[in-house]
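> Counting in numbering that gives the first Met the number 0, the sequence shown runs without a single skipped number right up to 157 at its last residue.
Mixed in with the good hints, there may be bad ones.
[What the hints assert, rightly or not] Derived SDA-like pairs (lysine to any residue); straight-line CA-CA distance at most 20 Å:
#	residue 1	residue 2
1	84	56
2	84	130
3	88	29
4	152	124
Please keep in mind that the hints were generated in silico from the structure rather than gathered at the bench.
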Amino acid sequence: MKTAIVFLALIAGVYTLTQTIILRGILYCNSELADNVLVELRERDTFEPDDTLSTNRSNYYGFFQLTGSQFEVFRIQPYLRVIHKCDVKDKYACHRHSDYAIPSYKYAVYEWKDAKPFTTDHGTYSFGLIDLNERKSRGFSRFFSDDRITHDKEICNY
0 MKTAIVFLAL IAGVYTLTQT IILRGILYCN SELADNVLVE LRERDTFEPD
50 DTLSTNRSNY YGFFQLTGSQ FEVFRIQPYL RVIHKCDVKD KYACHRHSDY
100 AIPSYKYAVY EWKDAKPFTT DHGTYSFGLI DLNERKSRGF SRFFSDDRIT
150 HDKEICNY
């Protein structure tokens, strides 16, 4: 049994890929550009806590860019988390976590473990404009909302 586990670990180490993704987008709230908003490139893990691959803040024009890499045997499951105060009850004690799906099968660059870092723009996913007022909705109204939103939660420190 131990031999099988060691063998699988060695195989996984040999076939591990560096998977890299670049995200870009512009954030706005209430028809105004959202500056200094925390954005995180995260990777969903099934059996352990999700990994944070990169963090940054949006600039004065609401623009952000993130680059992250992960060593994985299987395809990564990246998503964008935006931590903001747009459309919250109490701007002093509350904030929102809005998660947006990224189709990794289209935009992640896969490289062998020992490959040199890529320098091309291949692997860049552009979100375009992201309206932070949007929330994940259910029922009929979901047809009119941003279908990239996978999770939206308001958190208050009371």
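> Please go over all the hints and tell whether each is borne out by the structure.
Right, here's what the structure says about each hint:
Proximity of residue 84 to residue 56 is assessed by CA-CA distance (about 14 Å); at most 20 Å being required, the pair is judged to hold. With a CA separation close to 12 Å, the supplied pair residue 84 and residue 130 stays within the 20 Å bound. At most 20 Å may separate the alpha-carbon atoms for a hinted pair to count; residue 88 and residue 29 meet this at roughly 15 Å. Restraint check: the Cα-Cα separation between residue 152 and residue 124 comes to about 24 Å, which exceeds 20 Å; the hinted pair is violated.
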